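Engineer: For chain A, the structure is supplied; the task is to place chain B on it using the hints.
Listed below, chain by chain, are the residues.
There are 2 protein chains.
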Amino acid sequence: MSKYVYGIDVGGTNIKFGLFLLPEMHLAHTYETETPVVDQQTSIFNKIIESITQINNEYNINFDDILGIGIAIPCPVKNDYVEHCPNLNWEDMNVSNELRKHLPKHVSVAVSNDATIAALGESQSFDKPYNSVVFYTLGTGVGGGIIIDGKILEGNTGFGGEIGHMWVSNEETDITCGCGSKGCLEQVCGTAAIFRYVKELSKDEKTSIDIKYLTVKNVFDAAKAGDSVGLKVVNRVAEYVAISASILAVVVDPEVFIIGGGISRAGGFLLDLIVDHYKKHARFSTYKIPFILAKTGNSAGLIGAAHLIKNKIQ
Amino acid sequence: MSKYVYGIDVGGTNIKFGLFLLPEMHLAHTYETETPVVDQQTSIFNKIIESITQINNEYNINFDDILGIGIAIPCPVKNDYVEHCPNLNWEDMNVSNELRKHLPKHVSVAVSNDATIAALGESQSFDKPYNSVVFYTLGTGVGGGIIIDGKILEGNTGFGGEIGHMWVSNEETDITCGCGSKGCLEQVCGTAAIFRYVKELSKDEKTSIDIKYLTVKNVFDAAKAGDSVGLKVVNRVAEYVAISASILAVVVDPEVFIIGGGISRAGGFLLDLIVDHYKKHARFSTYKIPFILAKTGNSAGLIGAAHLIKNKIQ
Chain A
1 MSKYVYGIDV
11 GGTNIKFGLF
21 LLPEMHLAHT
31 YETETPVVDQ
41 QTSIFNKIIE
51 SITQINNEYN
61 INFDDILGIG
71 IAIPCPVKND
81 YVEHCPNLNW
91 EDMNVSNELR
101 KHLPKHVSVA
111 VSNDATIAAL
121 GESQSFDKPY
131 NSVVFYTLGT
141 GVGGGIIIDG
151 KILEGNTGFG
161 GEIGHMWVSN
171 EETDITCGCG
181 SKGCLEQVCG
191 TAAIFRYVKE
201 LSKDEKTSID
211 IKYLTVKNVF
221 DAAKAGDSVG
231 LKVVNRVAEY
241 VAISASILAV
251 VVDPEVFIIG
261 GGISRAGGFL
271 LDLIVDHYKK
281 HARFSTYKIP
291 FILAKTGNSA
301 GLIGAAHLIK
311 NKIQ
Chain B
1 MSKYVYGIDV
11 GGTNIKFGLF
21 LLPEMHLAHT
31 YETETPVVDQ
41 QTSIFNKIIE
51 SITQINNEYN
61 INFDDILGIG
71 IAIPCPVKND
81 YVEHCPNLNW
91 EDMNVSNELR
101 KHLPKHVSVA
111 VSNDATIAAL
121 GESQSFDKPY
131 NSVVFYTLGT
141 GVGGGIIIDG
151 KILEGNTGFG
161 GEIGHMWVSN
171 EETDITCGCG
181 SKGCLEQVCG
191 TAAIFRYVKE
201 LSKDEKTSID
211 IKYLTVKNVF
221 DAAKAGDSVG
231 LKVVNRVAEY
241 VAISASILAV
251 VVDPEVFIIG
261 GGISRAGGFL
271 LDLIVDHYKK
281 HARFSTYKIP
291 FILAKTGNSA
301 GLIGAAHLIK
311 NKIQ
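So the sequences go chain by chain: A and B.
Counting from 1, one number per residue, gives the positions in the first sequence under the working numbering.
Counting from 1, one number per residue, gives the positions in the second sequence under the working numbering.
So here's chain A without its partners, still in its complex pose (with noise of 0.2 angstroms):
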């Protein structure tokens, strides 16, 4: 009899679920549903149950063939065990324990937070699978996940590989960073920071840009046509994207950095300003680290939600 794991990907809006089939891991069947928003700490318990009970009869598979599911969630977490969820309204919750209340017990539950499962996802995700990574989420917020010898590293607390917050840039600026402090990865990279620096440079410079309409799409399309207020906004995120990396190529030394979010679908162009300038920056033989773009988009969560279950599983 097939046995499959289920994938989930809870964000404040919406929840996505994958079934997947093992051991291939084939994505069999995908789901998405409204986050519900009264009563969260209850609620999305109930929404997560009643979607797997619809998706099992829809396709007529035993919840006995269900051997485990794996959530990703919008904030730190350590060992199932989350301290504050704003996004989802969670305080001082265990959620595999709150899940498994209303599971049959041969059910197993694993639970991470959303931007390093991703990362465990993309590391899954290509033909041969890495390892060791760093993954960049690169969009409104800066994030992403470090995957080592196979495994989340999820830190004592749950902030490991929040890379949006490493101290990059000492920069003077009267703007803090939604972290409370200053010089974060993610107030030099992230969209608003590319929007202020475009708005900045053309007070003095002649721009294709329309400031009126900034899109990030636009900025990097102006940048790909020669546009020199693009061009110098695109370099500035490629650099300190860079610099940040070459600080992580000393810590973690990975196979590889794959860079995703929304602001990576500029894609090669992008990639190799990031790739000119970590050549500069990187420091001993660590130059040789390759980047790569992120493959499988808004299907990240998902697929590192149901291979972070197989491994707990395995």
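Hints are computed from structural coordinates only; laboratory data are not their basis.
Watch out, some of these pointers could steer you wrong.
Heads up, the list lumps identical chains together, so a pair's fine if it works in one copy or across two of them.
What the hints assert, rightly or not - When the alpha-carbon atoms are kept at most 27 angstroms apart in a straight line, the in silico BS3-like pairs for lysine-lysine are as follows:
hint, residue 1, residue 2
1, 279, 182
2, 232, 199
3, 288, 182
4, 3, 128
Quantities reported herein were computed from a predicted structural model and do not represent experimental measurements.
Structural biologist: Below, chain B without anything else, positioned relative to chain A:
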């Protein structure tokens, strides 16, 4: 019958041996000898075997009761393999295989970098051993090691935990770090940086520090006595260590930072300054991570090497 492991710390000048009684890891005997300087590709191994045989004979220990040998060496190591070890003139060598040629088959061997092994030694030397640690050695060189879940973070090519070469400073300078780059932690916190900064400040400022007979101890003693040049220099070291720790906190999120190396003999005075700066720079709740002083001194390599092999054979 009692069983033992050896921890061996191979340096450019001396080779130190520790014989540890299993399973308590009681340090039964120590021995030190000079590192041979001719034909080091073979002579160092001969010297190790010769010394072990001598120690065994002296204490009436049969080789059958030696279960393993852990070795610390002063260069990057990956899976017992060394590409290039300038301090020992070793090239392209599997150190473990090389040593095992001279040993009875039942003796296991494990090899790793000396600073990372020292991290393991320190982590295991407290009443309650630590499982996840960032260890700093502050001295002529600045380095360290990272322990995650009780294991050394070697990295994919042996550069894991090379924290002395994290980029932390973009101060203008003509001086290049030993690694060929600029802005490394070692370049702003190592002994040479301390002396350079004292000399620079003393051009414009009165100081009680004897510029012609500079020692780290003199600089710290002057700082403790309120000398303004000494205080500025020590503060600078403390702040850069703190900045690097704030980065490592959101990457590794260790249980504890352990500060060792010659400069750490400044003790609580230095530690308190580091902690003050760290609290300003730390992100999220990582400001809670404690800093402690290393306690094993020059024995960290022996102890760590012994734990490395103990972990392997367990």
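Engineer: Which numbered hints are broken by the structure, listed smallest first?
Structural biologist: none
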